[in-house]
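When you get a sec, could you build the whole thing from the sequences and use the hints?
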Amino acid sequence: MKLRVFILLFIGIAFASGFYRASHLAPSAPFQFSPIAVTEQTAAHFETHFASSKLFIQVHAASAVELKDGRIRSYWFSGSREGARDVEIHSAIFDPLLSRWGDEHVVVTREQTQQSLHRYISKLGNPVAVRAADGSLRLFYVTVSLGGWAGSSITSMISTDDGTTWSTPKRLITSPFLNISTLIKGAPFLYQDGTLGLPVYHEFISKFAEILRLDQQGNVLDKQRLAAGGVGTLQPVLLMQDEQRARVLMRYDGIAPPYRAITVTTQNAGKNWSSPKKSTMRNSDAALTGLTLADGRLLAVSNDLERGREALSLMISSDVGETWQEVAKLEDQLAANQHADQKNYAENIATLIPQTDALMAEKLADAVESTERTTCSNGQCRYEFSYPYMIQTQRADVHVVYTWNRTFIKHVSFNLAWLEQQLNHANH
Amino acid sequence: MLITDLTGLAGLAFAALALLLRWPRLVGLTDFHRITLAAVVLLALLMPINGLSVAEFLRGMVGDLSVTTLLLLVLTSRKNSAPIAIATLLLIASLGIILYVTALGFSSIDAYRFGFGSLPLLAGLITIALLAWWQKNWALALAISLAVLAWSVGYYESTNIWDYLLDPLLFIYALSALLRRSLRGKKMTERK
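Protein chains in written order, with our numbering: chain P, 13 to 440; chain F, 718 to 909.
Hints are supplied without guarantee of correctness; some may be wrong.
As the list claims (entries may be wrong) - Mimicking DSS-like on lysine-lysine, the simulated pairs with C-alpha atoms at most 27 Å apart in a straight line are:
id	chain 1	residue 1	chain 2	residue 2
1	F	903	P	14
2	P	290	P	355
3	P	14	F	904
What the hints assert, rightly or not - Some chain F residues judged to face chain P by a derived CB distance under 8 Å, without partners named:
id	residue
4	740
5	766
6	769
7	792
8	827
9	830
10	831
11	833
12	837
13	839
14	858
15	862
16	863
17	880
Claimed, not checked - Part of the chain F face toward chain P, derived, beta carbon under 10 Å:
id	residue
18	775
19	795
20	796
21	836
In short, the hints are calculated from the structure, not lab data.
Positions of the beta carbon are idealized from the N, C-alpha and C atoms, including for glycine.
Set out below in structure tokens:
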């Protein structure tokens, strides 16, 4: 009898505690919609650089964040090859006044992550940085313990000194099945209550995009699926229209043509999402990026192709993402790719490198050899411009970082005057 | 080290030890020998080798074990412990099927999402806990309540109730135990 009463009492206490916690979780909130308008008119400006500087190494999956002093910090992964055990998260800072990238340095290694998380880690992947509502920087990066990228989980760190030092890494638990598989690529966004939205995706057995919502301490509050597994969606990017409405564009991993980015929309800050459908933007199973300008137009960078990643385009939409127009080609090696034997390739790369960044011309021979080693095999080479990530700074300038032939992280920056100039050219 | 690292590693080390002590050759040991062996094994599990202990390696592979797994290991640790009730195994297996199948994306519904503090899930769980209590299935009533309590105080890294209720190892165990019992039941019927 006593045992029966004791257990009933225990059920009561446990559930009182459970219901108390559940009723104190953050309710849903509107998006923090704060597009950046131009405050001073300047002449058209466009420049390119390499953010990474280490040679004879493969780099991929860059992201960027504006620091409090107006400089741009980029993060990417760097190692002997994608998925290797020696891959580390690297970072460098761009000073717009000097128009120059600083030296790259190691932010975190596999060994450090393993030691801090107190669990086995086999490799590191995509790093994405964002400024949280409390002013701190948050770095989310992919970690794998088991298998390939499908076995990924997300690890997070906090920095209160704009990325100089980081807190002990913390694991996000986002999936019931051995905590696999959740990956991050798209830019995080804020809700008005200070909670953070992470556009993430799942790759194990089937592929689908999701949104995670994190409280200000970085604990997972919610996970919402944007499409069922059969659709083949990856790497979502959220483009807000106002506090309630947003469009998500996703990389299309399906086999059925036409190859277009998949899109869903919300009218209530993500409480509900429309059914996934194909957008008008071409997509060659490749990551894309986007942002909303102050006048409501959407800007995107994507491989506007049905196959391959040999060209990368800056696109704009004036009808909240229904149709897209190409503003400029940031890269276009489609023709060169037809004749990409090692000799032609090396000659072409030797002209492209100094065009991108005059500083790299000083070590041109090594830079060309480094590119060849990464992209050529048996005398045939390939071009790859992929994984773009775009931000807009408080001065309204736009910065894009992306993978350049897996050898460099390329940085393209321009102001809105340049954007309008390009649009005028295109429309006349 | 975060407190949730300690709780996670302790759970894994305890489970590894509890399973080892069930090895038939070790069951007959005296209490003194069992305690000595337990201390040595715990030390071996938690001692870092090249910066990583066996428990940390296991944690990378299987994650933190659910509260239900740990409780069932405790409740069945004695030689004369009652076996886990068939209703409990059936519940673990059916919840596991719903959870894992929907988690892997076979539809746009994801049962895991309800684990982030949804009131309907808590209401369902308290109903099952009270039914278990009424049926005198103490193990099930305690497992569900302990999991909810552990979730509410943030015992593990996870903020999702499902991670406190279930884990893939427990799910696989429940499926195999049900299969074993149904095969045994079939043989008994054939003998009659």
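Structure-based check of each hint:
1. Proposed proximity of residue 903/F and residue 14/P is contradicted: the alpha carbons are some 38 Å apart, above 27 Å.
2. For the given pair, residue 290/P sits about 40 Å from residue 355/P by alpha-carbon distance, which is inconsistent with the 27 Å threshold.
3. A hinted pair counts as satisfied when its Cα atoms are at most 27 Å apart, and residue 14/P with residue 904/F does not qualify at roughly 40 Å.
4. Annotation: interface hint on residue 740/F violated; nearest CB of chain P at approximately 25 Å, more than 8 Å.
5. Interface restraint check for residue 766/F: the shortest CB-CB distance to chain P comes to about 12 Å, outside 8 Å, so the restraint is violated.
6. Because the beta carbon of residue 769/F sits about 6 Å from the nearest beta carbon in chain P, less than 8 Å, this interface hint is met.
7. A cut of 8 Å between beta carbons decides the hint on residue 792/F: the least distance to chain P is about 13 Å, and the hint is violated.
8. Here the hint on residue 827/F is kept, as its CB sits about 5 Å from the closest CB of chain P, short of 8 Å.
9. With a cut of 8 Å, the hint placing residue 830/F at the interface with chain P holds, because the nearest CB-to-CB distance is about 6 Å.
10. Because the closest C-beta pair between residue 831/F and chain P is about 10 Å apart, greater than 8 Å, the hint is violated.
11. Because the beta carbon of residue 833/F sits about 5 Å from the nearest beta carbon in chain P, less than 8 Å, this interface hint is met.
12. Nearest Cβ of chain P to the Cβ of residue 837/F: about 10 Å, over the 8 Å cut. The hint is violated.
13. Contact between residue 839/F and chain P, as hinted, is supported at the beta carbon level, the nearest pair being about 5 Å apart and thus within 8 Å.
14. A distance limit of 8 Å between C-beta atoms decides the matter here; for residue 858/F the minimum to chain P is near 6 Å, and the interface restraint holds.
15. Hint on residue 862/F holds. Least Cβ distance to chain P is approximately 4 Å, under the 8 Å limit.
16. For residue 863/F, the interface hint holds, the least distance from its beta-carbon to any beta-carbon of chain P being 7 Å, beneath 8 Å.
17. The beta carbon of residue 880/F is positioned within 8 Å of a beta carbon in chain P (closest approach about 6 Å), and the interface hint is therefore held.
18. Annotation: interface hint on residue 775/F holds; nearest CB of chain P at approximately 8 Å, less than 10 Å.
19. Violation of the interface hint for residue 795/F is found here, the shortest Cβ-Cβ separation to chain P being roughly 17 Å, above the 10 Å cut-off.
20. Interface restraint check for residue 796/F: the shortest CB-CB distance to chain P comes to about 21 Å, outside 10 Å, so the restraint is violated.
21. A hinted interface residue such as residue 836/F counts as satisfied when its beta carbon comes closer than 10 Å to some beta carbon of chain P; here the least separation is about 6 Å, so the hint holds.
The earlier numbered hints that this structure contradicts are 1, 2, 3, 4, 5, 7, 10, 12, 19 and 20.
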